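Below, each chain spelled out in residue letters.
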Amino acid sequence: METKELYREILNEHNLNPSHKKDMSDPSLVLNGVNPSCGDNITLNLKIDGNNKITDGSFTGSGCAVSQASVDMMLDLVIGKDKEEALRLANIFMGMIQGTAKQEEIEELDEAASLEDISRMPARVKCAVLGWRTMKEMFAEGKNTASAANGAHCSVQQ
Amino acid sequence: MNNPYRKDFPFFSNEKNKDIIYFDNAATAQRPHQVIDAMKHFYDENNANPLRGLYDLSVRATKAYEDARHTAAQFINAAHDCEIIFTRNASESLNLVAYSYGMSFIGEGDEIVVSIMEHHSNILPWQMVCKAKGAKLVYMECSKETGELTVEEARSKITPRTKLVAVTQVSNVLGVTNPVKEIASIAHKNGAVVVVDGAQSVPHMKVDVQDLDADFLAFSGHKLTGPTGCGVLWGRQDILNKMPPFLRGGEMIEYVTRQDATWAELPAKFEAGTVNAGGAVGLEAAITYIQNVGLDAIAKHDNALAVQLIEGMKLIPHVRVLGSPDGNAHCGIVTFTIDGVHPHDIASVLDTEHIAIRAGHHCAQPLGAYLDVPSTARASMYFYNTEDEVVRFLDTLKNVRKWMGYND
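Chains D and Z, in that order, give the protein sequences. Residue numbers 1 to 158, in this note's numbering, belong to the letters of the first sequence in order. Residue numbers 1 to 408, in this note's numbering, belong to the letters of the second sequence in order.
Hints may contain errors.
[What the hints assert, rightly or not] List time: in silico DSS-like cross-link candidates among lysine-lysine, alpha-carbon distance up to 30 angstroms:
hint	chain 1	residue 1	chain 2	residue 2
1	D	K83	D	K47
2	D	K21	Z	K398
3	Z	K131	Z	K157
4	Z	K242	Z	K136
5	Z	K300	Z	K314
6	Z	K402	D	K22
7	D	K21	D	K47
8	Z	K189	Z	K314
9	D	K21	Z	K157
[Stated by the list, open to error] Which chain D residues face chain Z? A few, computed with CB under 10 angstroms, are given here:
hint	residue
10	N12
11	S19
12	M24
13	V66
Derived by calculation from the structure, the hints in this document are not laboratory data. Since the model is a prediction, treat every value here as computed from it, not as a measurement. Each residue gets a CB set at the ideal place from its N, CA and C atoms; glycine is no exception.
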């Protein structure tokens, strides 16, 4: 029942009508994130100004509802914030999925907090964290173009 | 459920699995108690390191292991027991052929021919050989509509440059059966050896290696209700004899000096180290079990369920079946998509109704790219599945798009 409720609520809306799924003409950072075995494959684009503020963000690609909705929710959350704050929120998200984040931290994630149930669905963890992991690697590497691939075999339905 | 075999499977009566619909048999089958009992009996009564000890117990362990080899040989109509090499699974069997035969007998400018529908385990070993030896990997393509691989296509790709043809007998995605016998004939006329991936065919149909006229056949035990970790490579004796060992170690030698060694006779030459005797005994029990069910009866049953499933899917809007529209051509394997719903979401939604199916690329990415469907959902059935399960599956499938937020 948990899965169905999860899908029915915010997730379906972000998957079927994503606000940020579109191309970006001149992004400051671009990174491709994939779960090779699952087929989840996104390209994350961010625009960052001189004060390290994320002024715009978008994604393209394809994947399951969890991966697509999660990255859309992430962009809702981080656009308008600076890099450091975005990283802090990404770490909270990762903590939520691993079941280690505190409830008051999780509330900071806004709609993305609705993915908390994923922490009880190991098969979908990789899907949920794809966008967040890609953003973290983007900032860590500071590269303009790279690929964030998760080499481990996907645990979904094996 | 009025299926006479289900009672033999402890899995289905286990409290945790009582209402589960297990439709992931192309990945691995369940085990009847006969298999589990045979393995327990081996460890309880006959366990010793086979092929080594000089005491009676070790002789018993060796006999149990070699009896399993004999049963496996009879099962696929091998001419000699020593043509059966026990491996971990079909993947290891195919790698054995690639590392031993491929790396020794494939050279620069040679061609290896595979089909576009191969599982990665029948592509990657050949990619390795081609890269190492400067050979070329050539693909036979199938019909994008029905999945059919024609003899004409094989004839156009297999040439005197071809040294090896590796082809699956049944596709793990499309369920289609390939004309392996005809392909083997074309390959032999061109002087190539033929490697058949039987991972999906051997559990579902009678396979006779002499009738197929193949040179190698690989299959896994766990897909035909045997234990995991025990598979088979069958190879023609004359070819196996001229191949170097794949793995080196215990019990595969004749003499060893400081700088050199000579190898044991078949099959020991290819079975380095302590063998998986418990696994082989389990595999033997599985072979005996499915022979008692009857391979023809299994094929008929799996086909009937696939027909029922595919005909039901045709009535559900937005559901598309890959491959032939005729369920009789699917070997119990039905791969499908639902418009607008990612296959992982299909699998997750079905999982909430206790239905187990596979979703993803099924280790056949070149086929997914060729058919332009990188990810799909797959339901695969075996002789213990029932018509009632197919009905419940279809009832659930009807609602997937609604759960995903579509108002159809």
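Next item on the list: Output the numbers, in ascending order, of every earlier hint that fails for this structure.
Entry: Failing hints, ascending: 8, 9, 11 and 12.
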